[in-house]
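Undergrad: One letter stands for each residue in the lines below.
Number of protein chains: 4
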Amino acid sequence: MHRTEIRPLFGDVDAMNVVYYGNYLRFFERGRAELMRAAGCPYSQIAALGLHMPAVEAGLRYCQPAMYDQLLAVEASVAWVKKASCRFEYRILDLEGGGERELVTGFTVHGCVNGEGKVKPLPPPAVEALKKHLRD
Amino acid sequence: MHRTEIRPLFGDVDAMNVVYYGNYLRFFERGRAELMRAAGCPYSQIAALGLHMPAVEAGLRYCQPAMYDQLLAVEASVAWVKKASCRFEYRILDLEGGGERELVTGFTVHGCVNGEGKVKPLPPPAVEALKKHLRD
Amino acid sequence: MHRTEIRPLFGDVDAMNVVYYGNYLRFFERGRAELMRAAGCPYSQIAALGLHMPAVEAGLRYCQPAMYDQLLAVEASVAWVKKASCRFEYRILDLEGGGERELVTGFTVHGCVNGEGKVKPLPPPAVEALKKHLRD
Amino acid sequence: MHRTEIRPLFGDVDAMNVVYYGNYLRFFERGRAELMRAAGCPYSQIAALGLHMPAVEAGLRYCQPAMYDQLLAVEASVAWVKKASCRFEYRILDLEGGGERELVTGFTVHGCVNGEGKVKPLPPPAVEALKKHLRD
Numbered sequence: 003m004h005r006t007e008i009r010p011l012f013g014d015v016d017a018m019n020v021v022y023y024g025n026y027l028r029f030f031e032r033g034r035a036e037l038m039r040a041a042g043c044p045y046s047q048i049a050a051l052g053l054h055m056p057a058v059e060a061g062l063r064y065c066q067p068a069m070y071d072q073l074l075a076v077e078a079s080v081a082w083v084k085k086a087s088c089r090f091e092y093r094i095l096d097l098e099g100g101g102e103r104e105l106v107t108g109f110t111v112h113g114c115v116n117g118e119g120k121v122k123p124l125p126p127p128a129v130e131a132l133k134k135h136l137r138d
Numbered sequence: 003m004h005r006t007e008i009r010p011l012f013g014d015v016d017a018m019n020v021v022y023y024g025n026y027l028r029f030f031e032r033g034r035a036e037l038m039r040a041a042g043c044p045y046s047q048i049a050a051l052g053l054h055m056p057a058v059e060a061g062l063r064y065c066q067p068a069m070y071d072q073l074l075a076v077e078a079s080v081a082w083v084k085k086a087s088c089r090f091e092y093r094i095l096d097l098e099g100g101g102e103r104e105l106v107t108g109f110t111v112h113g114c115v116n117g118e119g120k121v122k123p124l125p126p127p128a129v130e131a132l133k134k135h136l137r138d
Numbered sequence: 003m004h005r006t007e008i009r010p011l012f013g014d015v016d017a018m019n020v021v022y023y024g025n026y027l028r029f030f031e032r033g034r035a036e037l038m039r040a041a042g043c044p045y046s047q048i049a050a051l052g053l054h055m056p057a058v059e060a061g062l063r064y065c066q067p068a069m070y071d072q073l074l075a076v077e078a079s080v081a082w083v084k085k086a087s088c089r090f091e092y093r094i095l096d097l098e099g100g101g102e103r104e105l106v107t108g109f110t111v112h113g114c115v116n117g118e119g120k121v122k123p124l125p126p127p128a129v130e131a132l133k134k135h136l137r138d
Numbered sequence: 003m004h005r006t007e008i009r010p011l012f013g014d015v016d017a018m019n020v021v022y023y024g025n026y027l028r029f030f031e032r033g034r035a036e037l038m039r040a041a042g043c044p045y046s047q048i049a050a051l052g053l054h055m056p057a058v059e060a061g062l063r064y065c066q067p068a069m070y071d072q073l074l075a076v077e078a079s080v081a082w083v084k085k086a087s088c089r090f091e092y093r094i095l096d097l098e099g100g101g102e103r104e105l106v107t108g109f110t111v112h113g114c115v116n117g118e119g120k121v122k123p124l125p126p127p128a129v130e131a132l133k134k135h136l137r138d
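Chains as they are written, first to last, in the numbering used here: chain P, 3 to 138; chain Z, 3 to 138; chain S, 3 to 138; chain H, 3 to 138.
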């Protein structure tokens with residue numbers, strides 16, 4: 003499990019003063035990127051191998067809204083790693099209320115492809131990094 | 003089922019020249035908004051009643067990427083309508099390849115709340131509009 | 003002068019229910035892209051030549067806010083075309099109030115570079131298209 | 003002068019793998035918000051007084067592109083403060099190349115309005131905070 007702190011900008015919220023429902027996928031991206039960096043395999047290293055890890059599925063449950071400038075944590079973990087795909091899970095937590103209230107949860111499943119879009123095995127450094135954050 | 007045409011901007015795509023995974027939720031919003039407008043109840047009419055319809059859940063399956071400036075259709079339909087919630091379903095189709103290839107599918111579930119976030123029944127004009135696009 | 007209609011999404015507005023100040027540059031992009039398409043040289047044709055037209059300068063004046071779902075026109079025109087650069091000018095107009103009130107004005111200056119970022123002359127089809135929309 | 007570090011997400015870049023030209027205004031917002039917070043007057047405090055500071059003008063010069071995941075600094079400073087407006091200036095710097103290369107510069111001018119959009123004096127805590135970061 004890896005944690006990244008985020009504060010929503012005006013550019014992230016909508017007219018209700020809460021984060022726009024699509025922008026949590028940006029927050030998930032940040033959580034995922036920082037998990038990979040912390041595990042020693044930043045995403046840019048995967049890209050440097052000519053590989054990409056596009057999302058093939060995503061899901062979100064919006065329990066409570068996150069608001070402008072609210073201090074949030076993005077918790078990211080890895081649910082499973084297969085030969086050419088993996089699943090991340092996320093929780094967005096409110097760090098201001100005192101009790102780390104859960105605001106949004108979700109997941110993303112990613113494949114691994116080369117520049118022509120052909121499925122390829124996840125490269126060893128990515129597999130190793132992902133396994134460090136595998137949930138029990 | 004309602005159709006809206008969209009062409010991704012540079013501002014919608016990422017470094018792979020394909021639409022960023024979170025931006026399909028923008029496209030879903032457009033499809034949903036145009037469905038409601040076509041059915042006689044634009045979302046601004048709901049907001050004018052002091053009500054909002056926040057997403058409580060969303061899901062996406064990314065089958066094929068949509069690219070910069072590709073002519074796309076967003077197909078939106080209503081899967082069910084309850085007293086204080088409803089479910090939209092979406093398909094993003096490629097209109098350029100000749101065969102209306104399905105690129106991304108997904109759904110969103112929405113509640114209905116007032117300005118204080120209290121759950122409220124969907125207003126009658128919204129229910130009526132949603133029922134016009136209810137799938138069999 | 004070329005006109006494109008736009009309606010801001012929830013994903014475009016901020017907590018004031020008005021379009022986020024950075025998102026007008028998305029609207030300018032749309033106006034510019036549709037001007038080029040209408041003039042017979044869609045941007046994808048330039049990209050197919052291995053060329054890009056990155057912005058080197060931009061400016062915006064925010065006179066009145068544009069609101070959620072308001073019917074807007076983006077007016078784009080070309081102020082000048084040089085060998086390897088050009089300047090677009092834009093006006094965002096409110097089409098709902100009856101009088102085409104001006105909301106936001108701005109400009110962007112673009113260079114022309116190849117895939118390595120080296121300055122290149124604008125390709126002839128782009129020059130021809132830009133000249134069609136040159137203001138007097 | 004105040005500094006905030008930022009790393010562009012995939013959601014910030016376009017097909018050239020460089021930050022989308024409109025998204026630098028998001029980075030400017032972050033720089034401005036963190037300057038105000040550091041000076042003891044976070045923007046949420048201004049909003050709590052029923053006041054807003056909408057941009058009335060913005061300008062950007064794109065010298066060099068910022069890339070995906072590149073470690074950047076946003077430097078924000080205050081050029082002037084008047085009764086009901088102020089001007090911020092920004093520099094986006096590359097922190098990775100060794101020499102703090104300047105990538106993008108820009109400015110924003112902000113007014114001060116109440117919830118009805120009527121011009122109001124900047125509140126004293128905002129003026130005080132802004133003056134702390136006034137350039138010589």
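Because the hints were derived from the structure by calculation, they are not lab data. Remember, it's a predicted structure, so these values are computed and weren't measured experimentally. No residue lacks a Cβ here, since even glycine has one placed at the ideal position from N, Cα and C. Hints should not be assumed to be uniformly reliable.
[Claimed, not checked] Taking beta-carbon pairs under 10 angstroms as the criterion, some of the chain Z residues facing chain P (in silico): (1) Val20; (2) Phe30; (3) Gly119.
[As the list claims (entries may be wrong)] Where chain S lies over chain P, by a calculated footprint (3+ residues, C-beta under 8 angstroms): (4) 17-24; (5) 88-97.
Undergrad: Checking each numbered hint in turn, tell me which of them this model violates, lowest number first.
TA: When the structure is compared with the hints, only number 5 turns out to be violated.
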